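Assemble chain B onto chain A, guided by the hints.
The chain contents come next:
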Amino acid sequence: MASQEILRGEPSRGSFINDPRIRSLFFQTLVVILLFSSIWWIVHNVIENLQRLHIASGFGFLKSRAGFDISDTPIAYTSDSTYFRALVVGLLNTIIIAAAGIVLATVVGFLIGIGRLSQNWLIRKICTVYVEIFRNIPPLLVIFFWYSGVLAVLPPPRESIHLPLGSFLNQRGFYLPRAVWGDGSWLIGVALLLAIAMAWFVAQRARQRQRATGQQFPVFWTSVALIVGLPVLAFLLSGMPLTFDFPKQSTFNLTGGFWIKPEFLSLLLALSFYTAAFIAEIVRAGIRGVSKGQTEAAAALGLRSGPILRLVVIPQAMRIVIPPLTSQYLNLTKNSSLAIAIGYPDLTATAGTVLNQTGQAVEGVFIMMIAYLVLSLVTSFVMNIVNARMALVER
Amino acid sequence: MKHIAIGILGAAALGFVASAASAGTLDTVKQKGFLQCGVSTGLAGFSAPDDKGDWKGIDADFCRAVAAAVFGDASKVKFTPLSAKERFTALQSGEVDILSRNTTWTSNRDSALGLDFVGITYYDGQGFMINAKKLPGVNSALQLSGAAVCVQSGTTTELNLADYFKKNKMEYNPVVFEKLEEVNAAYDAGRCDAYTTDQSGLYGIRLTLSSPADHVVLPEIISKEPLGPAVRQGDDQWAHIARWTYFALLNAEEAGITQANVEEMKTSTDPNIQRLLGTEPDGKYGADLGLSNDWVVNIVKAVGNYGEMFERNVGSGSPLKIARGINALWTKGGLQYGPPVR
Chain A
1 MASQEILRGE
11 PSRGSFINDP
21 RIRSLFFQTL
31 VVILLFSSIW
41 WIVHNVIENL
51 QRLHIASGFG
61 FLKSRAGFDI
71 SDTPIAYTSD
81 STYFRALVVG
91 LLNTIIIAAA
101 GIVLATVVGF
111 LIGIGRLSQN
121 WLIRKICTVY
131 VEIFRNIPPL
141 LVIFFWYSGV
151 LAVLPPPRES
161 IHLPLGSFLN
171 QRGFYLPRAV
181 WGDGSWLIGV
191 ALLLAIAMAW
201 FVAQRARQRQ
211 RATGQQFPVF
221 WTSVALIVGL
231 PVLAFLLSGM
241 PLTFDFPKQS
251 TFNLTGGFWI
261 KPEFLSLLLA
271 LSFYTAAFIA
281 EIVRAGIRGV
291 SKGQTEAAAA
301 LGLRSGPILR
311 LVVIPQAMRI
321 VIPPLTSQYL
331 NLTKNSSLAI
341 AIGYPDLTAT
351 AGTVLNQTGQ
361 AVEGVFIMMI
371 AYLVLSLVTS
381 FVMNIVNARM
391 ALVER
Chain B
1001 MKHIAIGILG
1011 AAALGFVASA
1021 ASAGTLDTVK
1031 QKGFLQCGVS
1041 TGLAGFSAPD
1051 DKGDWKGIDA
1061 DFCRAVAAAV
1071 FGDASKVKFT
1081 PLSAKERFTA
1091 LQSGEVDILS
1101 RNTTWTSNRD
1111 SALGLDFVGI
1121 TYYDGQGFMI
1131 NAKKLPGVNS
1141 ALQLSGAAVC
1151 VQSGTTTELN
1161 LADYFKKNKM
1171 EYNPVVFEKL
1181 EEVNAAYDAG
1191 RCDAYTTDQS
1201 GLYGIRLTLS
1211 SPADHVVLPE
1221 IISKEPLGPA
1231 VRQGDDQWAH
1241 IARWTYFALL
1251 NAEEAGITQA
1261 NVEEMKTSTD
1271 PNIQRLLGTE
1281 PDGKYGADLG
1291 LSNDWVVNIV
1301 KAVGNYGEMF
1311 ERNVGSGSPL
1321 KIARGINALW
1331 TKGGLQYGPP
1341 VR
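One line per chain: the protein sequences are A and B, in this order. The first sequence lines up with residues 1 to 395 when you count with this note's numbering. The second sequence lines up with residues 1001 to 1342 when you count with this note's numbering.
Next comes chain A alone, as it looks inside the complex (with noise of 0.2 angstroms):
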């Protein structure tokens, strides 16, 4: 109420106690230096006490040598590295799981949103079960389960599961064959962004044809010949310059190839399979947003089944799904410091260790904190981005 009596500018009668301009500046006053004082005593009794507990505190130590490895490494890294870029490959793994959560968790998740909403019983009793699973379930419980309970009881290195194309799976991981580019490979990628190229290019005439004269062009089949054929057909003009590493058996280990870690890949499944339970039944809920008389009304235009969907229902179940997703994701990064427990060595496991070999808990805890809020800011601030292109245009 007194917000809008000044609003409004009416002059305040009565004793100037009961006027809700000064009242309110009062409060507001008073809270402004009762938070600054605040902070400023926590900040002070902190050091203080530092100093009484001969404590080395600042952030100086970031420049001394690590002297400890990290099983998984990005960048380059070594035991002689600096804490600081021990703290940047912590950083990286944790951006590395986020960001490959967050694409499974939304392909997982809207498979099994839709599958809901199938026509097909099982297929919709399937999904449910799975929703219901996954949803009730801990997070660190499921990445227990799939570390334990199914990566472990894998069989030793010496005998690996040798699993089609070359690659196998034991208890230490999942490897890969890598591909290894030889000499004019470039060929290969500068087709790529090409094909990439044309086929916007493509796109863009075709819907200008469309609006003007009303005829189609079947862009999505163009796209994927170009996408994929002019990359093939450079590969084959440059002399298929590719080979592959295969892994091999050595005294400890499989070496050589690509190596997914058991701690990396229990991390993101059990992630992506938590999440994607929640993200399900964000879909479900947007597409049911989306009032029946929508697709009713489309149909009566003659449009078809597929169109429908894909012109009519997703981009307006797309408005009120954003919101919550951005939600999920900020979740999934931060559930991903849960790696500590099966250690792999994301932002929390790292900042940890530092933070115990150099007995600086409060900078480090700090460092920790900042990260993170820095990582979900730019979550949101993308995520934000594309909810307001897909926002509501009225004309």
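Simulated from the structure, these hints should not be mistaken for lab results. Small disclaimer: the values here were computed from a predicted structure and weren't measured. Beta carbons are placed, not taken as given, at the ideal position from N, Cα and C, and that holds for glycine. Misleading hints may appear alongside valid ones.
[To be verified] Straight-line alpha carbon distances no greater than 30 angstroms define the calculated DSSO-like cross-link-like pairs of lysine-lysine that follow:
| no. | chain 1 | residue 1 | chain 2 | residue 2 |
| --- | --- | --- | --- | --- |
| 1 | A | Lys248 | B | Lys1167 |
| 2 | A | Lys63 | B | Lys1179 |
| 3 | A | Lys248 | B | Lys1134 |
| 4 | A | Lys63 | B | Lys1224 |
| 5 | B | Lys1166 | A | Lys248 |
| 6 | B | Lys1224 | B | Lys1332 |
[As the list claims (entries may be wrong)] What follows is a set of in silico ranges between Cβ atoms, one per label pair, in the way DEER data are often shown:
| no. | chain 1 | residue 1 | chain 2 | residue 2 | range |
| --- | --- | --- | --- | --- | --- |
| 7 | B | Thr1028 | A | Val107 | 53 to 61 angstroms |
| 8 | A | Phe244 | B | Lys1166 | 28 to 36 angstroms |
| 9 | B | Ala1132 | A | Phe244 | 29 to 37 angstroms |
Same frame as chain A, now just chain B:
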């Protein structure tokens, strides 16, 4: 808005209470009536709960010895199991009064971490354990190039491991967990080829594996690991009590005072024993430390002397069967040497 203001005031007030001035640790411990002791989450021979939930091991017994010195009653101890990562923060923040948790004494921990190590209750060194059945032909740590090695994070072990493989120009794949049980489970499941920690720890862990006989400890010792209890820096009285409890255990062994004969020894006329047991007329060595004069009697009655503590927990009286080695008294060619009580 009022509610917010009250909330902030409340939070601030709570904070003030939490930071109330800290008295000396001895007074705090006496006031609350028990000693809060930080131990491991379960390392056989050092600190591990038995089937009745009682903590057993050298480190647990050391806390009992301190409690006996302070209260005359070894049962006045409460144990807090701590992971390697939690241990220093727990001591720094006052959650535990003493950290007796197979912790390596290093210069950095003594200085920058605000800790004060009181002695070396066990001279250890880091080693490797492998499954000899799965890896026949491996009989030296120098053959471990390319191996996956299980290790606990936030330990000196993790650093020594990196240094050792770097020095010998070998590759390895670290498999790192925060908790000891997680490392044990991963090694037992075959996630790694080798397990590295202090050698005493390896012997203890081997007993907990599904088939202990398959595993061997490799001969190399790659580091010095002087393990001992630590207290907070800046409380000299409390550090003295912890340090002299350790020395008392050593002196008792040297003087031949055991759990069984301590009462008889009280009548001894040997001035050295009289000083130790507080039976010397006008002697007040215990009182000077802030304890009672019969503090050593209480300690030995509770846990025995150092030798008894060793044999019971890790030596011939235990499943570990570790030889005294360098942990023997100096009089028997070892490194354990207690300065005199006088």
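These are the hints, each one checked on the structure:
1. Lys248/A x Lys1167/B: holds, 27 angstroms
2. Lys63/A x Lys1179/B: This hinted pair holds, its Cα atoms lying about 27 angstroms apart.
3. Lys248/A x Lys1134/B: holds, 18 angstroms
4. Lys63/A x Lys1224/B: With Cα atoms ~26 angstroms apart, Lys63/A and Lys1224/B stay inside 30 angstroms; holds.
5. Lys1166/B x Lys248/A: holds, 24 angstroms
6. Lys1224/B x Lys1332/B: At roughly 21 angstroms apart (the allowed maximum being 30 angstroms), Lys1332/B and Lys1224/B satisfy the hint.
7. Thr1028/B x Val107/A: 53 to 61 angstroms: Distance hint for Thr1028/B, Val107/A holds at roughly 57 angstroms.
8. Phe244/A x Lys1166/B: 28 to 36 angstroms: holds, 31 angstroms
9. Ala1132/B x Phe244/A: 29 to 37 angstroms: holds, 35 angstroms
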